[in-house]
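Participant: Protein chains in written order, with the numbering used here: chain A, 189 to 391; chain B, 6 to 314; chain C, 642 to 810.
Quick caveat, the hints were computed from the structure, so don't treat them as lab data. In this text, a Cβ means the ideal position worked out from N, Cα and C, and glycines have one as well.
Here are the in silico distance ranges between beta carbons for each label pair:
id, chain 1, residue 1, chain 2, residue 2, range
1, B, V45, A, A265, 28 to 38 Å
2, B, D241, A, L247, 40 to 50 Å
3, B, G124, A, A265, 20 to 30 Å
4, C, S649, A, R239, 30 to 40 Å
5, C, D751, A, R272, 27 to 37 Å
6, C, D778, A, A194, 18 to 28 Å
7, B, E298, A, G207, 54 to 64 Å
8, A, R272, B, E43, 26 to 36 Å
Covered stretches of chain C (in silico footprint by chain A; criterion: 3 or more residues with CB under 8 Å from a CB of chain A, positions within the stretch not fixed):
id, region
9, 648-660
10, 676-685
11, 752-766
12, 769-776
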Amino acid sequence: MAGLSAEIREELLSAYLDGELRPGELTVVTRILTGDDEAIAMFRSLQAVRRAVRLLPELEIPAHLLPEGHFGDRLSAYLDGALRTAEMRTVAGHLMGCADCRSELQTLDRARIAIRALPGVEPPEILELRREVEEARRKMRLGRVAVWVGGVAAAAALLFGLSVGGREQPTVDLADLGDRHVARASVTSGFQILPALSETGKP
Amino acid sequence: MGRRVVTLAGAALAWVSLAVVPATAATDLSDYLRDADEAVYSGRRIVITVWEGDAEYALLDIEHAMGVTVVDRYGDDAVVGSGKLKASGDGMIQFVDWTEDALSSRYTVGEPQPAGHGGRSAVAVDVLEGGVARARFVFDEDTHAPLVTEVYDGGGTLFRYSSMVEFAVGVEDMPAPGGDATPYNVAMPLEEHDFAAGAGPYRLVDAYSGSDGTTQGFYSDGLFSFSLFAIEGRADIGDMVDGAPLEVGDSEYTIVVAPTELWVLWNADGETYVLVGDLPPDHLAQVLGDLPEPNRWNWLQRMWHSLFD
Amino acid sequence: MNDERVPSWEDVAQRYGRRIYNFAYRLTGDPDDAADLVQDVLIRVRSGLDQYQPGSFEGWLWRITRNAFLDGVRRRQRRPTMPLPEDDHASLGSSPSPDEVLAAVRLSDDVQAALVKLPYDFREAVVLCDVVGLTYDEIADATEVPVGTVRSRIHRGRKMLRETLTWPV
Chain A
189 MAGLSAEIRE ELLSAYLDGE LRPGELTVVT RILTGDDEAI AMFRSLQAVR
239 RAVRLLPELE IPAHLLPEGH FGDRLSAYLD GALRTAEMRT VAGHLMGCAD
289 CRSELQTLDR ARIAIRALPG VEPPEILELR REVEEARRKM RLGRVAVWVG
339 GVAAAAALLF GLSVGGREQP TVDLADLGDR HVARASVTSG FQILPALSET
389 GKP
Chain B
6 MGRRVVTLAG AALAWVSLAV VPATAATDLS DYLRDADEAV YSGRRIVITV
56 WEGDAEYALL DIEHAMGVTV VDRYGDDAVV GSGKLKASGD GMIQFVDWTE
106 DALSSRYTVG EPQPAGHGGR SAVAVDVLEG GVARARFVFD EDTHAPLVTE
156 VYDGGGTLFR YSSMVEFAVG VEDMPAPGGD ATPYNVAMPL EEHDFAAGAG
206 PYRLVDAYSG SDGTTQGFYS DGLFSFSLFA IEGRADIGDM VDGAPLEVGD
256 SEYTIVVAPT ELWVLWNADG ETYVLVGDLP PDHLAQVLGD LPEPNRWNWL
306 QRMWHSLFD
Chain C
642 MNDERVPSWE DVAQRYGRRI YNFAYRLTGD PDDAADLVQD VLIRVRSGLD
692 QYQPGSFEGW LWRITRNAFL DGVRRRQRRP TMPLPEDDHA SLGSSPSPDE
742 VLAAVRLSDD VQAALVKLPY DFREAVVLCD VVGLTYDEIA DATEVPVGTV
792 RSRIHRGRKM LRETLTWPV
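Only chain A is shown next, with the shape it has when bound in the complex:
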């Protein structure tokens, strides 16, 4: 593309950084950048500038600008436990009365699930997958373990060929242990009931 002016060729470098090249222009860019130190220096400077602007901190919108004191993006910080206690209370209380923010919370929740999910899974399978991931985490089974009989005498016995016997260990489901704790803790005895725990079912 010999006819291109220097300026237009230079523009291609910015467009390339933004992923906005049209078909056929990539060849031109490659040619511009091959062996031309000045062009390469320009390219890297543009890259640095672009990054500098992109890295400008994203500012929180002042809450009073949102309709009726909604919490907008502060919900993300809420889920991160990053708000001060007083703010946590305000947000939680607001959620009780605001269907819009609750639905926003739901969206955020799904997005976070999606981030933790395996790649290539589209919602609405996300919730199914989440359950599987949770299951996998919870059903941490203790497999067969060697029996440490303890004591030198036992070791000596082995060396002499006496059978000590490896007992078959039943597998223990950690989720089941959690359930047993919650069940016991749910017993009514005045102070035992903490809403945070007693109503969780599985951990």
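Got chain A; can you put chains B and C on it based on the hints?
Facilitator: Leaving out everything else, chains B and C in the frame of chain A:
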């Protein structure tokens, strides 16, 4: 949770509550909690636990009526209450025998204060430990349903926050208690066991045995509780759970932080220990100090183990 | 956002409020101006929603935002364009090395100050691209110029930033 070493101060802090627990306030809390259990409500609850700057949260759909809660967490159902738990697809776990427990004198309960939550009038009850805020309960004024629970660590920083984000009086759909013939897994009280009578500021309330050969020691201080499970045999914990290393003094454990409780796992001698409960981190450190210490196998044990692998 | 469903103005505030605020803030460097703009935009969105024809919602929204911004600027009788900085280093031969540029970009305040010095058209194009995150086509739609012009403005804006950041006035 990443694999970070988290160190808790190993020194046991002696929390001595010098103030006399005002009988009325403590009774008030007990009354509120009893009412909370009897209340009828439904909604959505968020539980957030903050640990070392990381947070784990869960959104739970709740229906609660007269001592029974149905919890739906991302599609998994569980019915809990009065010593029983049934999770979807599993048999029911049941405790038929237990010892009553009382609030430790370490705690001071404040007078109920008027509060609000989500447009509903409410009552807030603070629980102090050694003069520092340890927990706060916010009950709905009408029904005494628990709207908010806050738990703080030893330094007064928020550790766990649980709050209704959607709330309605009444329930739509509660399953009939003990409807279908589901197998029962009854926890049998244990008379003889090796559980320590006390661990940190907690005392052993009951011990049980499970059908899988594990034993369970239930510890409580009247406000928080945990179960310690002892399983015969050593386990490769690192392979089993996605936890983080936890150092208490010279000992190293594995910890998993879930939104509603902590899990700590370790091997000691010939046993695998699993601790699960809602206790705050500074209590946990004290508790672990009084429980069997984790130990690594020496060369002879490793050789023995490899012979039987 | 689903183009077929017309959002409520509360939806708009929730989902776009932050970006509109950041757009205005980076254009002006002034939080009060930015706050004014957000409120202005929301009012216009609110009154314009019933006339909105389903199509590209975001394009419509950003056109409203730009118009609100320019109206606000006119109201404040401030010139939207800044004079070009003194071009001591105009010749392309002495372009700063990337290291020099990076070294100069230490504080976001510096970047913000450099942005505000750009001529309005360049500044707006860079902000819409790198702060708001629109594609060239979306920027063309919002600013009602051809894509080629967008491309040129972004590039020239960045080049000027490069100069300003390395040799701050």
